[in-house]
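Peer 1: My request is simple: use the sequences and hints to build the entire structure.
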Amino acid sequence: MSKQVPYRLYVSSSFLSLAVVGLGVRLAFLHLGSHEQTRARFDRSRSYERKILAGRGAIHDCHGDGNVLAMNLGVKNICIDPATTSKGEGVIKTACELAELLNVPADEVAVRMKQPNRRFAYVKRFVPTDVADEVDALDIKGVFFEDATIRHYPQKAFLCHVLGFVNHMGTGSAGVEQQLDRYLRGSPGIMEGCVNAKRQELYIRRGRNVPALEGANVTLTIDQNIQYMVEKALDEVMEEHRAEGAWAVVQRVSTGEILALASRPGFDLNEFRHAPDFAKLNRALGFVYEPGSTMKPAVFAAALEEKTVTPDTMFNCENGAWLYKRRILRDYHPYSRLSVADGLKKSSNILTAKVALTLGDEGLDRYLRAFGFGKKLGIDLPGEENGILHPVKRWSGISSTRIAIGQGVAVTALQMLGAMCAIANDGFLMKPYIVREVRSGTGEVMHRSEPEVVSRPISVKTAQTMRHLLGRVTESDGTGRRAQVPGYTVAGKTGTAQKPVAGGYSNSEHMASFVGFLPVKHPEIGVIVVVDNPQPIHTGGRVAAPAFRKIAGPAIRYLNVPGTESMLARRSF
Amino acid sequence: MARKNTRKKRKKQQQMNGYIFPVPFAGIVVVASALALGYVWLGCQCEALGDEIKTTETRGVDLKKKLLNAEYRWVRTKSPQSLEIAMQRHGLKMDWPRVGQVVRLDKVARPRTFDSRELAGGMRIAKVSRNVMHE
Chain A
1 MSKQVPYRLY VSSSFLSLAV VGLGVRLAFL HLGSHEQTRA RFDRSRSYER
51 KILAGRGAIH DCHGDGNVLA MNLGVKNICI DPATTSKGEG VIKTACELAE
101 LLNVPADEVA VRMKQPNRRF AYVKRFVPTD VADEVDALDI KGVFFEDATI
151 RHYPQKAFLC HVLGFVNHMG TGSAGVEQQL DRYLRGSPGI MEGCVNAKRQ
201 ELYIRRGRNV PALEGANVTL TIDQNIQYMV EKALDEVMEE HRAEGAWAVV
251 QRVSTGEILA LASRPGFDLN EFRHAPDFAK LNRALGFVYE PGSTMKPAVF
301 AAALEEKTVT PDTMFNCENG AWLYKRRILR DYHPYSRLSV ADGLKKSSNI
351 LTAKVALTLG DEGLDRYLRA FGFGKKLGID LPGEENGILH PVKRWSGISS
401 TRIAIGQGVA VTALQMLGAM CAIANDGFLM KPYIVREVRS GTGEVMHRSE
451 PEVVSRPISV KTAQTMRHLL GRVTESDGTG RRAQVPGYTV AGKTGTAQKP
501 VAGGYSNSEH MASFVGFLPV KHPEIGVIVV VDNPQPIHTG GRVAAPAFRK
551 IAGPAIRYLN VPGTESMLAR RSF
Chain B
1 MARKNTRKKR KKQQQMNGYI FPVPFAGIVV VASALALGYV WLGCQCEALG
51 DEIKTTETRG VDLKKKLLNA EYRWVRTKSP QSLEIAMQRH GLKMDWPRVG
101 QVVRLDKVAR PRTFDSRELA GGMRIAKVSR NVMHE
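Residue numbers (this note's numbering), protein chains in the order written: chain A, 1 to 573; chain B, 1 to 135.
Please keep in mind that the hints were generated in silico from the structure rather than gathered at the bench.
Just so it is clear, the structure is predicted and the values come from calculations on it, not from any experiment.
Just to be clear, a hint being listed does not mean it is correct.
[To be verified] Calculated cross-link-like contacts (lysine to any residue; reagent style SDA-like; alpha-carbon spacing at most 25 Å): (1) K66(B) x C79(A); (2) K64(B) x T442(A); (3) K51(A) x G50(B).
[What the hints assert, rightly or not] Derived contacts from chain B toward chain A, CB cut-off under 7 Å, selection only: (4) C44; (5) C46; (6) I53; (7) N69; (8) A70; (9) V75; (10) R76; (11) S79; (12) P80; (13) V99.
Ideal Cβ placement from N, Cα and C applies to all residues, glycine included.
Peer 2: Written as structure tokens, this is what we have:
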């Protein structure tokens, strides 16, 4: 017995000593040696670095914060643990309940739920929180939620071509989202710190904390109420005339601000991936067309400015058919003699061609370019086209007579409206703009648009004369009588252009348009409506002019512009 | 031999008087303990505040999301299209008054500053004459 005790004591003591020595050696090894890799690994396992995503800025209409057109929305991803969901009975019933709430096929949900070997699957991503709450209320085992943020457009297809969309990488890919991506996207922040054994953040060990710089908010010049009037009118014209497309722009004459810009067909911005490419095209600035008679005001204005004609100058309209340089030019209605003023009112092609000849090729080209044709006006939206106005050296002997009536030249609706607004604005061609200002999250103004003059093709006097002449177009015997707005005088011009096809012009496909402004005396807004291939009626006066009235009438009232019959109250003392 | 005697003496004295803890050492121990406790208490306070900040941060994020969702619902509700649908649902039809029905106040007729008392008096705005514009 007495012999055994020391033996056990020695063994246990030696083990203990060994352990102590081992620990001591390890401690010395860790502390005294330079084990950077081990230390780094240890630090890495306890530290974290998190990227703080910056919220993309919102886009508002001209009224500012109240009317949000594009925003970030907190949504939820509905996820399931298939290993759990496949265990319970009544999978099909649960799948049907989920499918009904989430508007997805029930069989797809059932298949996802019946995967016992998997621990994660999405049922539906980016679900609004109220719908997610309804799913949560079902209290289904194995269903859980993931927070997410998406770019959302509350009014879906509204203003789709202006706003554009953001791709899956978070980069603006069209419209304002693309144009102002550098302002909207913001800058991500970073947070570094330590976590405890449960992987919970230790606040007191928080290191670098650079907050994210939220994206700037953009305020547009667009007024959503006018935009709605425009979109409604375009939808009606598309349906009524079975058109292939229709687009319209409303511009404030004195500044160039775009109050509304719409193009049809449109698409739901929240489902842009499923929209066909032709629907994504912003036709108002990315589609060039031969304008037809809407080109005539620019030619008349040029001739009046150059004083080659006066409103009373008489021209022989050749009874509807004029042979010039072995090519016949026809009028829609035959006339024998017309004054310049009546030629514009009746939209005589022959008279316009003869007026253009008084300017000469160089003169006509110079004025048309000064009116903004053949080059971008520089609107702050992507996808603007130059239009087509060939240099004079490429013109043939009859080019000026055809360009004057809107053939052999292609324009965008924005250019045509710009030219008309220049006439309304005492000859000043304004640069159109759609972004009013960009403000950072802290309220600092980062960018503000100001009205900018592009050129001045005509004088005040010529502009006044042209306003008067264009005002006659909408009189009861003018081609644009259907554009009349009760209580206001309207100036404008109709356009009916045959669509160019291989080897000539189509007899069945047309572009109908109307461009004008109101009130004539003190113009406030300019409006253009273009309808692509309306059927069976195809004239600008019968297709586009009524749409113009539907837009301009409520818009001018909404803008509170006094009309011809407005009562003015004065203090009587 | 002498050291042995001294040790014995001290032991004897301790047995007689009990163990005497040196006062300065006791003070150091007390101060150190207080500091240690203070340190631990401050550490706990920092941790508690940290947790509170983290909770507030999380709540801030949640509230921001809620605000966005509320904003979204509000925007949807007051969009021109929603308003029109709501009006149709209630059988309401609104139209602009005829231009001739609208009476405008020029700058002279309008009160210089908006004052509800002045409006309550009502007489200044009521005394207006009618002039047809652009005639």
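Peer 1: Does each hint fit the structure? Answer for all of them.
Peer 2: Status of each hint after checking the structure:
Note on K66(B) and C79(A): the hinted pairing holds, with a Cα-Cα distance of about 21 Å set against a maximum of 25 Å. Restraint check: the Cα-Cα separation between K64(B) and T442(A) comes to about 16 Å, which is no more than 25 Å; the hinted pair holds. Between K51(A) and G50(B) the alpha-carbon distance is near 20 Å, which keeps this suggested pair within the 25 Å criterion. Given hint, C44(B) at the interface with chain A, is violated; its Cβ is 11 Å from that chain's nearest Cβ, farther than 7 Å.
Annotation: C46(B) was flagged as interfacial toward chain A, and the flag holds, the nearest CB pair being 5 Å apart, inside 7 Å. A distance limit of 7 Å between C-beta atoms decides the matter here; for I53(B) the minimum to chain A is near 6 Å, and the interface restraint holds. Checking N69(B) against chain A: minimum C-beta separation of about 5 Å stays under 7 Å; hint holds. With its C-beta approaching chain A no nearer than about 10 Å, A70(B) sits outside the 7 Å limit, and its interface hint is violated.
The beta carbon of V75(B) comes within 4 Å of a beta carbon in chain A, closer than 7 Å, and the hint placing it at the interface holds. Restraint check, R76(B) versus chain A: the minimum CB separation of about 5 Å is within 7 Å; hint holds. Interface restraint check for S79(B): the shortest CB-CB distance to chain A comes to about 5 Å, inside 7 Å, so the restraint holds. Interface restraint check: P80(B) against chain A, minimum CB-CB distance 4 Å, threshold 7 Å, status holds.
The interface hint given for V99(B) is met, as the beta carbon of that residue sits about 3 Å from the closest beta carbon of chain A, less than 7 Å.
In this structure, the earlier hints numbered 4, 8 are contradicted, and the remaining ones agree with it.
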